[in-house]
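S.K.: Each chain, letter by letter, is given below.
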Amino acid sequence: MMEKKTEKDWSFLSSFGNVFSFFFLLGRKAKKTKVFYLLSFIPVVMALIVKFGQVFASRSSLTGIYVFSNFIMTFYLQFIILILALFFGTSVCSEELEGKTLPYLTTRPVSKASFILGKYAAYTLLIVTMTVVGVILCFFILNFNQLGDLSLYKILFRDTAVLVLGLICYTSLFTFIGTFIKRSIMFGLIFSFGWENVIQYFPGSTQRFAIVHFLKSLLPSPSSGRFSFLLFRLEPTPPFMAVIMLILITAAFLGLACVVFNFKEYILEE
Amino acid sequence: MKAVIKTEKLSKWYGNILGLSDVTLDIEAGITGLLGPNGAGKSTFLKLITGQIKANIGSVRINGEGVRNNHRLFSKIGFCPESDSFYEEMTGWEFVTGLLKLHNLPSSEIEKKARKALGIVDLEKNKDRRIKTYSRGMRQRLKFAQAIAHEPEILILDEPLNGLDPLGRRKLIRLIKSLRDEGKTVIVSSHVLPEIEAMTNDIILIHQGKIFAQGDIHYIRDLIDTHPHMISVKCSDPRKVASRFIKEDFVLNIDFSSEKDTFVVKTNNRDEFFRYLPLIFIEENSDVKEITSPDDNLQAVFDYLIGE
Amino acid sequence: MPIKEKGYTHWDGELKKSKYPWIPITRKGIKLAFRKKFFKFTFFLTLIPAIAYLAGIYVSERLEDFAFLTQDSEIVSFLKINPGYFNSYFTQGFLLFMIVVILVFCGAGLISDDLRYNSLQLYFSRPITKKDYFLGKASVIAFFLFILTLIPGIIFLLMKIIFSGNLKFISDYPWLIVSITGYSVFLTCFFAFYTLFVSSVNKNRRYVSILIFGIYVFSDILYGIFKGIFESEYFSLLSIKANIQQVGAAFFGQKLPHNIPWIYSFLVLLFICMLAGFVLNKRVRGVEVAQ
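Protein chains in written order, with the working numbering: chain A, 1 to 270; chain B, 1001 to 1308; chain C, 2001 to 2291.
Pulled out of the complex, with its shape left as it was, chain A reads as follows (with noise of 0.2 Å):
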């Protein structure tokens, strides 16, 4: 029949690239995404209100890149990236289980490991790309009389891959906690707001446990001063081995949600 002479040999990467454009245009026009692209804006307006505030107020002075590395980052890497990976995360098996459209996606010829890292990869992709929008924009507000220091876009770049980083990171994980567990928000709200600040005050090689040990050993330790206390008891991880464990960390658990979602029976409630 002619259908199936026009039928392509199916390989992996096929499937990983139509089930990444089935998502990335349902993620797109989801209404959930138009508000959290609004939340990854807040740190925007809040580097508006403070630029205001320096050059009509003259209510601080501290400088741009000073308030953009240790507010604007901390925003961004201690609630912004964890919350957009912990809903996106989970989102891409529990959306599916949730809304029961799961169905229509195991009942075609693709393999269950494409059909995750396709979802993973187009919602990550959405996901950076509001947070670096944001992340971009915060700079030039903040910095916008010191455009021409070519410095500050070593800082800019450097900031804005840790971000990436860890937003690629977190959903890994996210991703993988949503395939197993129902109730998959309750335990990262505990795990990115508990555990990942908790374990950071614990010496040696327990800070090597939170994801977010890595992504600050990248950064350069704040200087001492009423800030310091953010990396309290950093022993940081070298920043080659830290890229590395964070590539690490990404595929083992992307590795075991394919593993968990190949092998797991979902029961859809009635």
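Hints in this document: simulated from the structure, not taken from any laboratory.
From a predicted model like this one, the values you see are computed outputs, not experimental measurements.
Be a bit skeptical, because a hint or two may be false.
Quick list of in silico lysine to any residue cross-link-like pairs, SDA-like style, CA-CA up to 20 Å [stated by the list, open to error]:
1. LYS2037/C x GLU98/A
2. LYS112/A x HIS1071/B
3. LYS182/A x TRP2262/C
4. LYS34/A x HIS1071/B
5. LYS32/A x GLN1214/B
6. LYS100/A x ASP1181/B
7. LYS2203/C x TRP1093/B
8. LYS182/A x THR2042/C
9. LYS2203/C x ARG1130/B
10. LYS182/A x LYS2241/C
11. LYS32/A x GLU1089/B
12. LYS100/A x ARG1130/B
13. LYS100/A x ASP2114/C
14. LYS1054/B x SER21/A
15. LYS182/A x LEU2275/C
16. LYS1132/B x ARG2205/C
17. LYS29/A x GLU1088/B
18. LYS2241/C x LEU2275/C
19. LYS112/A x LYS32/A
20. LYS31/A x THR1133/B
21. LYS1006/B x GLN1214/B
22. LYS2227/C x LEU62/A
23. LYS1113/B x SER21/A
24. LYS182/A x PHE2038/C
25. LYS31/A x ARG2205/C
26. LYS1054/B x LEU62/A
Computed footprint of chain B on chain A, listed as stretches where at least three residues anywhere in the stretch have a Cβ under 8 Å from a Cβ of chain B [unchecked claim]:
27. 24-32
28. 107-117
29. 161-168
A partial selection of chain A residues facing chain B, derived with a Cβ cut-off under 10 Å [stated by the list, open to error]:
30. SER15
31. VAL19
32. SER21
33. TYR104
34. ASP149
35. VAL260
36. ASN262
37. PHE263
38. TYR266
39. ILE267
Cβ coordinates follow ideal geometry from the N, Cα and C atoms, glycine included.
Chain A is fixed; fit chains B and C onto it per the hints.
M.R.: Coordinates of chains B and C only, in the frame set by chain A:
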């Protein structure tokens, strides 16, 4: 005929609750009706044969291949789920084409097939509307469209006529029958008896996770020869005709209904009754208006088999 | 012979209006909360500070037996049982954090699930008003929050009297019972409005769970950042936690944690409640109008 779908000792538990018990079936090409009340195990069976859930015991094979985690098989299978769930923010067109893309078809093919499928279910005019604005009937038709869009050889339809108006039901039934004529294998589940009757004579009766009967509706009915049959006769002189049956051994009961020209006979030997009936009409010179068998349908078969 | 028709049987007597039609809604909400996995464990964790503070009351009456503790002046000042002790329990960060976690468990789905499954029409086709509906839902939150606030507060007071063997504590602080009750009611009302408001915003319970938690945490982070940059205490008005702690300190007659009038914090929280009430009234309707 070679079985397309084979199940062997298929059993499924949900914790302590038995979903399906020891089901061994061979399903051939054509339309097979899966009939049972709510909670009988129809959806469990369909989920097992589409690999959505794992069997605790037993196996399912489609065209000789195992189903679970065999994604390549699904290029030949179309599934229409029971639940009314969609990606609400998508339009009908995006939904069908998006799912078609997952079959690795070229864009031109995708557009052609999507247009054809949506045309078949009369949704082409509304294809650019968001699914959340669709009526219940449109949503059901969209579900069917996504199941047939890639022209699968095997169609598994879980309560496909839910939510459709009578005209929609007739259209869909005609469509399903046309798929059979194309040589496809269709399994249709329902708890609405006239729907199954309208589509096929090959049925599987399921209740409490067990298969009660499988085969032709009439063959199944004939198997139950211990169960008396009821025949309704409408004629010009019912009492005169009925009185001729009173003394026959094969007549167990005669009821005169509220309609003056009708009587209902209960007999344990249909063949003998129908052999005798025309002779009586001729001898009594009575005009025959109507002869029907009120329980020669799935409801009676089903009720009898489940003891209701 | 009378023929009794076995048709539909209904009560021929007078149908009385229930005094408390919201109680079944509350009962159901509480039952559903306890059915959730890990809720009991989490709720138990939230009671740990209460147990610790109760132990503190006991130790404060037996300091001579716990001499090893009296070497640390911080512990000694902590074990001074006064309104400050009560304030430190009610406004501690851990308790407030865990209350928010409990709200995610028991409160996220209160209205969002009804919106999702179109249950509002089922509710309002019964003889209950919107007021009954909100009261029933809010009472679910009140049930759990009173167990964490009002009841421990009263138990602390009672245990202090029992362990000290006299009523001196009551005579020293006669208004304390009013403070405990007033603060518990205030906290419960605020969190009830807050949770129901967020729950009514979206049909997706996962989304609502993130919002309940996220708004609380975000407001605190926002305060920290603006305070760090502008060094002004007035930014504490942005933080839900800071506002609650400010009002709590006022209730217990303690030194305010932030150098701004406590009434400002109270007004901010009141404004949030009013906004929540307005949105709830709009979102919860008996009949869905299709556009």
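S.K.: Take the hints in turn and mark each one as holding or not.
M.R.: Hint check results:
Only pairs whose Cα atoms come within 20 Å are accepted, and LYS2037/C paired with GLU98/A is accepted, the gap being roughly 17 Å. At most 20 Å may separate the alpha-carbon atoms for a hinted pair to count; LYS112/A and HIS1071/B meet this at roughly 8 Å. A distance of roughly 42 Å separates the Cα atoms of LYS182/A and TRP2262/C; the hinted pair therefore is violated under the 20 Å criterion. Straight-line distance between C-alpha atoms of LYS34/A and HIS1071/B comes to about 34 Å, which puts the hinted pair past the 20 Å bound.
Restraint check for LYS32/A and GLN1214/B: not satisfied, since their Cα atoms lie roughly 49 Å apart, outside the 20 Å limit. Between LYS100/A and ASP1181/B the alpha-carbon distance is near 32 Å, which puts this suggested pair outside the 20 Å criterion. Between the alpha carbons of LYS2203/C and TRP1093/B the distance comes to roughly 25 Å, so the proposed pair goes past 20 Å and is violated. Taking the CA atoms of LYS182/A and THR2042/C, the gap is about 16 Å. The hint holds against a cut of 20 Å.
For the proposed pair LYS2203/C and ARG1130/B, the alpha carbon gap of about 18 Å is at most 20 Å, so the pair holds. Restraint check for LYS182/A and LYS2241/C: not satisfied, since their Cα atoms lie roughly 29 Å apart, outside the 20 Å limit. Proposed proximity of LYS32/A and GLU1089/B is supported: the alpha carbons are some 11 Å apart, at most 20 Å. Using a Cα cut-off of 20 Å, the hinted pair LYS100/A and ARG1130/B holds, with the two alpha carbons roughly 18 Å apart.
Annotation: proposed proximity of LYS100/A to ASP2114/C holds, straight-line Cα distance about 18 Å (limit 20 Å). As the CA atoms of LYS1054/B and SER21/A are separated by approximately 29 Å, the hinted pair breaks the 20 Å bound. Proposed proximity of LYS182/A and LEU2275/C is contradicted: the alpha carbons are some 33 Å apart, above 20 Å. Annotation: proposed proximity of LYS1132/B to ARG2205/C holds, straight-line Cα distance about 19 Å (limit 20 Å).
A hinted pair counts as satisfied when its Cα atoms are at most 20 Å apart, and LYS29/A with GLU1088/B qualifies at roughly 10 Å. The hinted pair formed by LYS2241/C and LEU2275/C meets the criterion: a straight-line CA distance of about 18 Å does not exceed 20 Å. Distance check on the hinted pair: LYS112/A and LYS32/A sit about 25 Å apart at the alpha-carbon level, beyond 20 Å; violated. Of the pairs offered as hints, the one joining LYS31/A and THR1133/B holds, with about 15 Å between alpha carbons and a cut-off of 20 Å not exceeded.
Restraint check for LYS1006/B and GLN1214/B: the C-alpha separation of about 14 Å stays at or below 20 Å, so the hint holds. Only pairs whose Cα atoms come within 20 Å are accepted, and LYS2227/C paired with LEU62/A is accepted, the gap being roughly 13 Å. For the given pair, LYS1113/B sits about 19 Å from SER21/A by alpha-carbon distance, which is consistent with the 20 Å threshold. For the hint linking LYS182/A to PHE2038/C, the alpha-carbon distance of about 11 Å falls within 20 Å, and the restraint holds.
For a cut-off of 20 Å, the pair hint linking LYS31/A to ARG2205/C stands: about 15 Å separates their Cα positions. For a cut-off of 20 Å, the pair hint linking LYS1054/B to LEU62/A is broken: about 61 Å separates their Cα positions. Requiring three or more residues with a Cβ within less than 8 Å of a Cβ of chain B, the coverage given for the stretch 24-32 of chain A holds, as 5 such residues are present. A stretch counts as covered by a chain when three or more of its residues have a beta carbon under 8 Å from one of that chain; for the stretch 107-117 of chain A and chain B the count is 6, and the coverage holds.
Only residues whose beta carbon comes within less than 8 Å of a beta carbon in chain B count, and the stretch 161-168 of chain A has 0; fewer than three means the coverage is violated. At a threshold of 10 Å, the smallest CB-CB gap from SER15/A to chain B is about 7 Å, leaving the interface hint in force. The beta carbon of VAL19/A is positioned within 10 Å of a beta carbon in chain B (closest approach about 7 Å), and the interface hint is therefore held. With its C-beta approaching chain B no nearer than about 7 Å, SER21/A sits inside the 10 Å limit, and its interface hint holds.
With a least beta-carbon distance of about 6 Å to chain B, the hint placing TYR104/A at the interface is held under the 10 Å criterion. The beta carbon of ASP149/A is not positioned within 10 Å of any beta carbon in chain B (closest approach about 44 Å), and the interface hint is therefore violated. A cut of 10 Å between beta carbons decides the hint on VAL260/A: the least distance to chain B is about 13 Å, and the hint is violated. Hint status for ASN262/A relative to chain B: holds, with the closest Cβ pair at about 6 Å, below 10 Å.
Proximity of PHE263/A to chain B holds as hinted, the smallest CB-CB distance being about 8 Å (cut-off 10 Å). Annotation: TYR266/A was flagged as interfacial toward chain B, and the flag holds, the nearest CB pair being 8 Å apart, inside 10 Å. Because the smallest distance between the Cβ of ILE267/A and any Cβ of chain B comes to about 6 Å, under 10 Å, the interface hint for this residue holds.
Violated hints, listed in ascending order, are 3, 4, 5, 6, 7, 10, 14, 15, 19, 26, 29, 34, 35; each of the other numbered hints is respected by the structure.
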